[in-house]
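Assembly of the complex is requested from the two constituent chains, each provided in isolation within its own frame, with the hints serving as guidance.
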Amino acid sequence: MTSGLWQNWVLPGIWITVQLTLYSAALATAVAFGVGMARTHRSKAVRFLAAFYTEVFRGTSALVLMFWLFFVLPPLLGWQLVPMWAAVLALGLSYGAYGAEIVRGALNAVAPAQREAGVALSFTPWQRMRLILLPQAVPEMIPSFGNLAVELLKGTALVSLLGVGDVSFAAYLVRLATQESAQIYTVTLVIYFVLAFAITRSMKALERKTKANLGVVVK
Amino acid sequence: MTWDWSAVADFMPRFWDGVLVTLQILVLGSLLSFTLGLVWALGLRSESRFVRWPVGVVTEFVRNTPLLVQLFFLFFVLPEWGVQFSALTTGTIAIGLHYSTYTAQVYRAGIDAVPAGQWEAATALSLPAHRTWTAVILPQAVRRIAPALGNYVIAMLKDTPLLAGIGVLEMLQQSRLESAATFQYTEPLTVVGIAFILIAYPASLLVRTLERRLAR
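Going down the list, the sequences are from chains R and B.
Going by UniProt numbering, the residue at position 80 of the first sequence is 80; the numbering climbs one at a time, nothing skipped.
Going by UniProt numbering, the residue at position 120 of the second sequence is 120; the numbering climbs one at a time, nothing skipped.
I should point out that these hints are in silico values taken from the structure, not numbers from a laboratory.
A virtual CB, placed ideally from N, CA and C, is assigned to each residue, including glycine.
It is possible that some hints are incorrect.
[To be verified] Per label pair, the in silico range of CB-to-CB distance:
no., chain 1, residue 1, chain 2, residue 2, range
1, R, Ser43, B, Trp5, 56 to 62 Å
2, R, Lys209, B, Glu211, 43 to 49 Å
3, R, Gln127, B, Thr123, 54 to 60 Å
4, B, Phe85, R, Leu131, 57 to 63 Å
5, B, Ala109, R, Trp15, 34 to 40 Å
6, B, Glu211, R, Gln7, 49 to 55 Å
7, B, Trp5, R, Lys204, 48 to 54 Å
8, R, Leu121, B, Phe50, 58 to 64 Å
9, R, Ala45, B, Phe50, 57 to 63 Å
10, B, Glu120, R, Val18, 49 to 55 Å
11, R, Ala182, B, Tyr201, 36 to 42 Å
12, R, Gln127, B, Ala181, 54 to 60 Å
13, R, Leu121, B, Ala109, 36 to 42 Å
14, B, Phe85, R, Arg201, 34 to 40 Å
[Said to hold, decoys possible] Dumping the calculated EDC-like pairs for lysine to aspartate or glutamate here, alpha-carbon to alpha-carbon at most 20 Å:
no., chain 1, residue 1, chain 2, residue 2
15, B, Lys158, B, Asp10
16, R, Lys209, R, Glu116
17, R, Lys44, R, Glu55
18, R, Lys204, R, Glu116
19, B, Lys158, R, Glu55
20, R, Lys209, R, Glu140
21, R, Lys204, R, Glu151
22, R, Lys211, R, Glu151
23, B, Lys158, R, Glu140
24, B, Lys158, R, Glu101
25, R, Lys204, B, Glu60
Excised from the complex, chain B in its bound form (with noise of 0.2 Å):
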């Protein structure tokens, strides 16, 4: 088996429309998990407890079973519910829904790491419970959250070959399509596969920089 460039050359129209989507899902995804993961940790900081505990349950209940289970579900039974979206919305709000989970940790994190002081000063100013969170909890617990919401943008890329299985025409997909016309399976999978390191590799080695630089 030698490995054959033309091969390559033929794939490369299909491949960029793969990064697209990719890229798509990847932005999307991202700004769900980020919006809905603050909805999360709010809720688990909530006072009462009939906010808390369901909250706790759905987030343990999602963090701990596998996504593509969860996209399966989605994709299967919300057709069933009278609700019909397309597959790249419905593996889009999976994989936002499942990394949410993921990233409610990470603000729990950082807002328990502003220092009790902060809370004392906004009370003692009288700030509104909003206002205390938008001008003084969370601009201080955005800086410590930065780098760890980066490390899960970058397992959620490696997520998204999952999408795959429900017919998204991401890069997987796209390669699987190839592969099925052509009968070549080396270069089509080796470039998506090359594809994943270099996007992943330096973005990590950005988040590791940005890590170090508000750590100081």
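Chain R on its own, in the form it takes in the complex (with noise of 0.2 Å):
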């Protein structure tokens, strides 16, 4: 492969690829604690609310869902989203309600004991989330966090479908120059490779940390 190509195309695609990994990260990050401890609600309209966001946005595909942000969205509300962020929210709203049923398998596994003695101590339900169920569900769900979050780098490549210049788009252009399909696909596999191993292995790092705040060992 020529080094213009490379220095052109690719890296760029790469540097894209992460930053859209980490903003949608990001965003299913907030929408899954939002959705997800909504879904422990004392009020029933919450919790449905809740449960129904998450179906939806479960229930579609991910890149469906894409084309409908970013082709049918702009006419319904005269703004045009630009497609880094129709790609952004898109992954983000739905790996977020993923992200949700984590949260709240995670919340639903801390001691029932722990609930109650929060009661007992009179504490609002906001201080008992905040300073009690949190810091014991939060070390839990970063396993699935970290499946998850390799599921989002790897859903980052449908955005080489709108015209986005990440590093499958970049393979994409590459193979059209070069005509060497093996060569630059075999590359990008291994691009992706690389980062989720990356991922895998900054949560490990994350679980450990996290668990030993809770003074449980991980090995």
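Structure follows, in structure tokens:
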């Protein structure tokens, strides 16, 4: 592969893939905690809305959602999303719905006596959440969030179909320019694998750190 | 921008064609991923390191790289190697191969969950290895495996639009063609989005019921 293609397309493409992953992971985390905590709320209406959100966004395909945000929303609202942000929104909202299930599961897994202790000390619901439930639930969420982050990284490849210049899009251009499909696509797959490996490793480190705070040792 | 029911009506013939192709990919892709996944799972349990190691590397690699890029890889590289498949066949193989690495983990967990006493009983009866697998272990493992496999079938359904990227005429591609012809983006894309929810949500309820029933 000529170095021009590498420097002008593939390297910036990797950077865009990394940015996309970080932005959508940030949005997905916010959505996951918001919706996940709402699913344990006292009010039935709040629980229902949160469950509805999860089912809708888990039920449809991320790619269809992305196309919808990109092509349907602009005429509906009268403004156009930059492809990059349509992509971040679609990825963040749909992976956030998966994350919400992780948050809910981890919150439910905290021993009931912990919540009762909070009630006995007359903590407000928000204090119970912030001081008792979340500190114990978050370390439990990390392995599942790690898997989800790898899924999210792989999901970012979809943006190339909207013409966002991520590493998959760069691969497509390089293929058109050089006609060497095997080479560029092998390189691209290896790039994704390395990124996924980095995510897996850092999540493992994070898990060890947060669990150490609770006095649990992870092997 | 207003909703135009006539655009929905115009899209319907194409939509049904897309639904059929989507379901076809789903059925064949599931069958491929179920069989190939079992092969990987058995390979990962092999006595020989020379089987275990390569199978582990291949499945980890496939699992941690995007389906879309694998799809393009197969679509553009196989012809270079002199293997020519249609876009639909290539897409089905890609999706089946990708998900086989997930089902392999499901099989592995299911097989590990069969009590050790069952293995010992098979040994005590001096059953040959293939009889141990087909008559004792797998029938018990399958019961535990079914719900998890169902979840991956739903995940596969939601990944079928990726095949639009290589021009397979499934639901999303049909809506893109319709939009390109009529400049109506809202209706076809919304119909397809709702179709996914209408298929995926009852399917996930079904899997949940199955899970509860088998857990008893």
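Here's how the hints hold up against the structure:
1. R:Ser43 with B:Trp5: 56 to 62 Å: violated (37 Å)
2. R:Lys209 with B:Glu211: 43 to 49 Å: For Lys209 of chain R and Glu211 of chain B the Cβ distance comes to about 34 Å; the hint is violated.
3. R:Gln127 with B:Thr123: 54 to 60 Å: holds (57 Å)
4. B:Phe85 with R:Leu131: 57 to 63 Å: holds (58 Å)
5. B:Ala109 with R:Trp15: 34 to 40 Å: With Cβ atoms ~37 Å apart, the hint holds.
6. B:Glu211 with R:Gln7: 49 to 55 Å: With a Cβ separation near 51 Å, Glu211 of chain B and Gln7 of chain R satisfy 49 to 55 Å, so the hint holds.
7. B:Trp5 with R:Lys204: 48 to 54 Å: holds (53 Å)
8. R:Leu121 with B:Phe50: 58 to 64 Å: holds (60 Å)
9. R:Ala45 with B:Phe50: 57 to 63 Å: holds (59 Å)
10. B:Glu120 with R:Val18: 49 to 55 Å: holds (51 Å)
11. R:Ala182 with B:Tyr201: 36 to 42 Å: This hint holds: roughly 40 Å between Cβ atoms.
12. R:Gln127 with B:Ala181: 54 to 60 Å: Holds, since Gln127 of chain R and Ala181 of chain B (Cβ atoms, about 58 Å apart) stay within the stated range.
13. R:Leu121 with B:Ala109: 36 to 42 Å: Roughly 40 Å apart at Cβ, these two residues keep to the hinted range, so it holds.
14. B:Phe85 with R:Arg201: 34 to 40 Å: holds (37 Å)
15. B:Lys158 with B:Asp10: violated (24 Å)
16. R:Lys209 with R:Glu116: violated (27 Å)
17. R:Lys44 with R:Glu55: Within the cut-off at roughly 16 Å; holds.
18. R:Lys204 with R:Glu116: violated (31 Å)
19. B:Lys158 with R:Glu55: holds (13 Å)
20. R:Lys209 with R:Glu140: Within the cut-off at roughly 12 Å; holds.
21. R:Lys204 with R:Glu151: Holds. Lys204 of chain R to Glu151 of chain R sits at ~16 Å (cutoff 20 Å).
22. R:Lys211 with R:Glu151: Distance ~24 Å between Lys211 of chain R and Glu151 of chain R Cα, so the pair is violated.
23. B:Lys158 with R:Glu140: violated (27 Å)
24. B:Lys158 with R:Glu101: Given that 20 Å is the threshold and the Cα spacing comes to 18 Å, the pair holds.
25. R:Lys204 with B:Glu60: holds (17 Å)
In summary, the numbered hints that this structure violates are 1, 2, 15, 16, 18, 22, 23.
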